[in-house]
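A.B. asks: These protein sequence lines map, in sequence, to chains A and B.
By the numbering used here, the letter at position 156 of the first sequence is numbered 156, and the numbering carries on one by one without gaps.
Just so we're on the same page, the numbering used here is the position in the second sequence counted from 1, plus 1000.
Incorrect hints may appear among the rest.
[As the list claims (entries may be wrong)] Mimicking DSS-like on lysine-lysine, the simulated pairs with C-alpha atoms at most 30 Å apart in a straight line are:
id, chain 1, residue 1, chain 2, residue 2
1, B, 1252, A, 432
2, A, 437, B, 1252
3, A, 309, B, 1234
4, B, 1234, A, 437
5, A, 349, B, 1135
6, B, 1259, A, 349
7, A, 349, B, 1215
8, A, 237, A, 287
Derived from the structure by calculation, the hints contain no laboratory data.
Small disclaimer: the values here were computed from a predicted structure and weren't measured.
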Amino acid sequence: MKTPILALAALAWFSLSYATPALAASCVTTACHSAIGAIKQPHAPVKEGDCAACHTQKVKEHPVKGAKSFELAGKAGALCANCHDGMGKKKYQHAPVQEGACISCHKPHGTGERFLLEVGEDRTALCIGCHDPAPFKQNFMHGPAAVGSCNACHEPHESSEKDLLKGPVRDVCLKCHADFAATMAAAAVVHPPVRDDACTACHNPHGSSVSMFLNKKMPDLCVGCHKNIGKKLAGVKFPHKPVMAQGGCANCHSAHFGKSKGLLAADQMTVCLSCHGKDDLGTPPLKNIKTQLAGKKFLHGPVRTGDCKACHDPHGSDNFRLLRGSYPAALYMPYKDGLYDACLGCHEKNLLRFADTTIYTGFRNGNRNLHYVHVVGRKGRTCRICHEPHASNGEKLISKEGTQFGAWKIPINFVITSTGGSCAPGCHRKFKYDRVKAEAL
Amino acid sequence: MHKASKDLSRTRYFSRSLLIILSGALLMAGCAGPQVAKKGPVFFPGPPNEPKVQFLKSISGSADVEDQRSKLQLLVSGATEKDTNRPIVRPYGVRYVKGKLYVSDTQGPSTVDIMDLRNKSFNYLKENPGRGQLKKPINLEVDVDGSVYVADTLKKEVMIYDPTGTFVGSLGREQNMKPVDVALDKDFIYALDLNDSDIKIYDRKTLQYVRSIGKTEDKSQGLALPTNLTIDDKGLIYVTNITDATVKIYDKDGHFINKIGQLGDALGEFTRPKGIAVDPQHRIWVVDGAFQNVQVFNENRRMLMFFGDPPLVAGALNLPAGIALTTEDLDYFQTLADPDFILEQVIFVTNQMGDAKVSIYGLGHKKGSAPTSTAVPAPLPGAKPEGSAGQTGK
Chain A
1 MKTPILALAA
11 LAWFSLSYAT
21 PALAASCVTT
31 ACHSAIGAIK
41 QPHAPVKEGD
51 CAACHTQKVK
61 EHPVKGAKSF
71 ELAGKAGALC
81 ANCHDGMGKK
91 KYQHAPVQEG
101 ACISCHKPHG
111 TGERFLLEVG
121 EDRTALCIGC
131 HDPAPFKQNF
141 MHGPAAVGSC
151 NACHEPHESS
161 EKDLLKGPVR
171 DVCLKCHADF
181 AATMAAAAVV
191 HPPVRDDACT
201 ACHNPHGSSV
211 SMFLNKKMPD
221 LCVGCHKNIG
231 KKLAGVKFPH
241 KPVMAQGGCA
251 NCHSAHFGKS
261 KGLLAADQMT
271 VCLSCHGKDD
281 LGTPPLKNIK
291 TQLAGKKFLH
301 GPVRTGDCKA
311 CHDPHGSDNF
321 RLLRGSYPAA
331 LYMPYKDGLY
341 DACLGCHEKN
351 LLRFADTTIY
361 TGFRNGNRNL
371 HYVHVVGRKG
381 RTCRICHEPH
391 ASNGEKLISK
401 EGTQFGAWKI
411 PINFVITSTG
421 GSCAPGCHRK
431 FKYDRVKAEA
441 L
Chain B
1001 MHKASKDLSR
1011 TRYFSRSLLI
1021 ILSGALLMAG
1031 CAGPQVAKKG
1041 PVFFPGPPNE
1051 PKVQFLKSIS
1061 GSADVEDQRS
1071 KLQLLVSGAT
1081 EKDTNRPIVR
1091 PYGVRYVKGK
1101 LYVSDTQGPS
1111 TVDIMDLRNK
1121 SFNYLKENPG
1131 RGQLKKPINL
1141 EVDVDGSVYV
1151 ADTLKKEVMI
1161 YDPTGTFVGS
1171 LGREQNMKPV
1181 DVALDKDFIY
1191 ALDLNDSDIK
1201 IYDRKTLQYV
1211 RSIGKTEDKS
1221 QGLALPTNLT
1231 IDDKGLIYVT
1241 NITDATVKIY
1251 DKDGHFINKI
1261 GQLGDALGEF
1271 TRPKGIAVDP
1281 QHRIWVVDGA
1291 FQNVQVFNEN
1301 RRMLMFFGDP
1311 PLVAGALNLP
1321 AGIALTTEDL
1331 DYFQTLADPD
1341 FILEQVIFVT
1351 NQMGDAKVSI
1361 YGLGHKKGSA
1371 PTSTAVPAPL
1381 PGAKPEGSAG
1391 QTGK
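Make the full structure from the sequences, and use the hints.
C.D. replies: Structural data, given as structure tokens:
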């Protein structure tokens, strides 16, 4: 009875000692390779004590002074591939992966962190070991880059996309910027590069010295495509200040998508009046257009349709007040062909060419062209002396309050009739005019 | 006779008769009549350029308009084709209004020929013996209701006929003028006076003389022996002048606006500018009697093309004078055009000489191509924009 039990026990001891050599002859003891035993997140074979999976014993004696008893079961990446197959199938490989230099990132026995890496979620220290740190030291950083979450966007080993991205650029971006993607899908107007191209066309995905980590500051970034605007900004006498100021093009335009044509943040009038509806804009302050328009009975055509850019160039112009045609800055400027193009671009071109007319103006006494009388000749007066350019409570946009003449506002006292009218301005005594039956002077 | 000579004379007889027959056949060939060569469509400009104008047909008299009487009818009636044809002899003015073609003919008979091409009718303006009789109708204008205003240089008046052709009044006797053309607008009648080189304006309702325009301070801008005028839909008056071979443009107040061309033979210049017309796209069509062509300009006075210069297989002009344009009845005129050439407008030009007294052309485009336009191509970079008053902006 006792003999079989003894035999069994001996058999068990033998099998155990050969089946699990670690238990039988462990490499990791308090005396040898103890550090490996202390690893918090060991490599699986290390955990199982399967040192022979990677280290093959060459010589029976161990340790041997001045020589190695063990060698690696395979060379570099090939050794790892014994278990970790499935690499090398995709188009783009991370250089160390291609070279089989797995241990340039991974510690083969394990580390205190996951994935045999010496870094945690913040991979900065590891990746900067090879990669240029400059983009990661910028003023404005993309969130994941700022906290070293390189793997939020990049595959560490291989990818079918360039730069080891996890997918096509847009898809990678919009996976996190999902609310942006949803709003864009519902937007009325989308900036074509936002709709079709990679976000990196404008943004540096890691970081830059420009707010919103743009590749270049605005307007330089925008005029890369919008070359005409760039040419204009470079050569124009009066650029529109917001274009060159902090915020650049984004002061008026929405960079990605919007409700209005021209990618304006809102409709034209709202955008323009957001600055030009204040009393303190500039030194000396520009007129508050909002108060100019408020409650007025008559609006200048383009103003009525909310189209400021019909007359003004929002990017810049060589003309007075950013107008699209020439217009004199002074109060007095006798008419010459070309001087009043800002107005005559829409209004009758022959208005000021002939001293008598039955065709070109209703402001005439019989045939005598009274516009000609006022604007042509030595003391030619500009349109603004009588007409408000934006809005007025007076017919024909004739100013009711009067026009600023130094310290005085000259009243006009314009009265209109069915065939003519009269003015009793602060310039001359009351004169009547009639198209049908000319009034005597 | 010897038997031999009998044989010889028989042979001689045979060959002689053969000779007679042959020569007779050759002579008879002259009676075969003119060979009619098969002609293809006549386009301007010529191939390989894209065609813009096609010559459609010409009219020389009623025979080209009315249904042809059959040969049997002629035989029975005893008349010849020559008897029934009423020729157009020396035409000048031409108009196409409400489906009818009006041509003023100064000779045989001196009257206005009124043709309905679609319905194949050819009539003369109603006879108005006495006061209303036309003597030398040079030019004419037709109102949309069918009233006809005729400038008669022998009577020295503008004669006015109502839509039935009845004489209703005249202008110009008191002014002692030589009216060579007449134009209308809503309120006034404009008579072009060759004697005074001006335009005399009359009130339409009262037929009273109102004023004259056309004389300017700067003589080079004034009318100089003007022959034809037309008014466009913007109210601008275009007048051709003999003295300086120009087209001068005025507004209705008589202010000089612009001029086209000068004496010369370069493109866009004139020698004998005569008939003038402006189409709805503001293209200006000018007949030159000496170049024997029509030059076409856009409203910026840039020459677009010219056509009709002889010699041509067909469609050449011959001492041309008047011109009329229409966009009516394009479906009818399309039947005269090449099926792949889509008509946009029809042009009538009168010729004072030759067989074709009224030449009809069509302006259009090849099927599949864009319609004709007056778009001025963008200026070359660095070029100064042309036109007056230096328009900038917009």
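A.B. asks: Now, for every hint given, state plainly whether the structure supports it.
C.D. replies: Hints and how they fare:
Distance hint between residue 1252 of chain B and residue 432 of chain A is fulfilled; the C-alpha atoms sit about 26 Å from each other, no more than 30 Å. A distance of roughly 19 Å separates the Cα atoms of residue 437 of chain A and residue 1252 of chain B; the hinted pair therefore holds under the 30 Å criterion. Between the alpha carbons of residue 309 of chain A and residue 1234 of chain B the distance comes to roughly 28 Å, so the proposed pair stays at or under 30 Å and holds. At most 30 Å may separate the alpha-carbon atoms for a hinted pair to count; residue 1234 of chain B and residue 437 of chain A meet this at roughly 26 Å.
Taking the CA atoms of residue 349 of chain A and residue 1135 of chain B, the gap is about 44 Å. The hint is violated against a cut of 30 Å. A hinted pair counts as satisfied when its Cα atoms are at most 30 Å apart, and residue 1259 of chain B with residue 349 of chain A qualifies at roughly 17 Å. Taking the CA atoms of residue 349 of chain A and residue 1215 of chain B, the gap is near 23 Å; set against the 30 Å cutoff, the hint holds. Between residue 237 of chain A and residue 287 of chain A the alpha-carbon distance is near 21 Å, which keeps this suggested pair within the 30 Å criterion.
Checked against the numbered hints above, the structure breaks only hint 5 and satisfies the rest.
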